[in-house]
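Input sequences plus hints: build the corresponding full structure.
Residue numbers for the sequence shown follow full-length UniProt numbering, so the first one is 1 and each next one is one higher.
Treat the hints with care, since some could be wrong.
The list that follows gives simulated cross-link-like pairs (lysine-lysine, DSS-like), each with its CA atoms no further than 25 Å apart [to be verified]:
| no. | residue 1 | residue 2 |
| --- | --- | --- |
| 1 | Lys41 | Lys74 |
| 2 | Lys90 | Lys27 |
| 3 | Lys41 | Lys27 |
| 4 | Lys90 | Lys160 |
| 5 | Lys41 | Lys160 |
| 6 | Lys41 | Lys180 |
| 7 | Lys11 | Lys74 |
| 8 | Lys90 | Lys74 |
| 9 | Lys14 | Lys63 |
Hints listed in this document are in silico derivations from the structure and should not be mistaken for laboratory results.
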Amino acid sequence: MSDMANNDLEKYAKALDNAIMKYHGLKMEEVNDTMRHLWNKTYQGTDIDGIKIRSDVEGGASKRSYNYRVVMTKDQVEMDMRGRCSAGQKMLASIIIRLALSDSFGQNCGILALDEPTNALDVENIDALAESLVDIINERKNHSNFQLIIITHDENFLRKLGQAEVMEYYWRVSRDSRQKSVIERQRFR
1 MSDMANNDLE
11 KYAKALDNAI
21 MKYHGLKMEE
31 VNDTMRHLWN
41 KTYQGTDIDG
51 IKIRSDVEGG
61 ASKRSYNYRV
71 VMTKDQVEMD
81 MRGRCSAGQK
91 MLASIIIRLA
101 LSDSFGQNCG
111 ILALDEPTNA
121 LDVENIDALA
131 ESLVDIINER
141 KNHSNFQLII
151 ITHDENFLRK
161 LGQAEVMEYY
171 WRVSRDSRQK
181 SVIERQRFR
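Put into structure tokens, the structure is as follows:
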């Protein structure tokens with residue numbers, strides 16, 4: 001009887017492992033599709049055609065581990081992004097990866113926070129990022145749980161978002177004469 005139970009457990013474990021591997025593959029494909037779309041829409045340079053996450057599997061079925069890396073493509077040639085891109089490209093890739101992961105895994109958690117997203121970006125990529133964020137806001141504005149938090153010192157970026165008329169107001173944090181924080185609601189219009 002215990003041999004039959006052990007055989008059944010092995011079959012269930014193998015079926016579960018296969019299902020997890022299939023789910024992982026589907027989710028990675030979904031993340032990479034979103035990254036491809038956002039990169040092509042946002043990145044203004046010509047030296048990188050696209051980015052994606054590669055997962056390398058180590059070990060067997062019982063002790064499997066994944067190593068993830070970001071790769072870029074140029075003329076259908078893939079290479080690791082690490083050590084080959086500018087600070088601005090890294091920043092943009094980081095934002096795009098977070099957006100893609102939140103799309104795929106955070107459907108019930110609609111909060112997205114970006115801290116200084118324009119840091120190290122040139123003007124063209126800042127403008128394209130603002131346009132992409134406006135599109136994301138328009139796509140998700142009717143979702144009851146969507147909240148976008150952007151922390152920035154970039155007044156031009158803020159102005160660009162305001163001109164798109166997708167947000168009515170923002171919160172400005174400053175200091176008063178006693179160096180105490182003051183939080184004020186500001187209208188874009």
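Going through the hints against the structure:
For the hint linking Lys41 to Lys74, the alpha-carbon distance of about 16 Å falls within 25 Å, and the restraint holds. Under the criterion of a C-alpha separation no larger than 25 Å, the hint pairing Lys90 with Lys27 is consistent with the structure, at around 23 Å. For the hint pairing Lys41 with Lys27, the CA-to-CA distance comes to about 21 Å; that is within 25 Å, so the pair holds. For the suggested pair Lys90 and Lys160, the alpha carbons sit about 22 Å apart, so the restraint of at most 25 Å is met.
Distance restraint check for Lys41 and Lys160: the Cα-Cα separation of roughly 17 Å lies within the 25 Å cut-off, and the hinted pair is therefore satisfied. At roughly 41 Å between alpha-carbon atoms, Lys41 and Lys180 are farther apart than 25 Å, so this suggested pair is violated. Using a Cα cut-off of 25 Å, the hinted pair Lys11 and Lys74 is violated, with the two alpha carbons roughly 43 Å apart. Taken as a hint, the Lys90 and Lys74 pair is honoured in the structure, with Cα atoms around 16 Å apart against an allowance of 25 Å.
Using a Cα cut-off of 25 Å, the hinted pair Lys14 and Lys63 holds, with the two alpha carbons roughly 13 Å apart.
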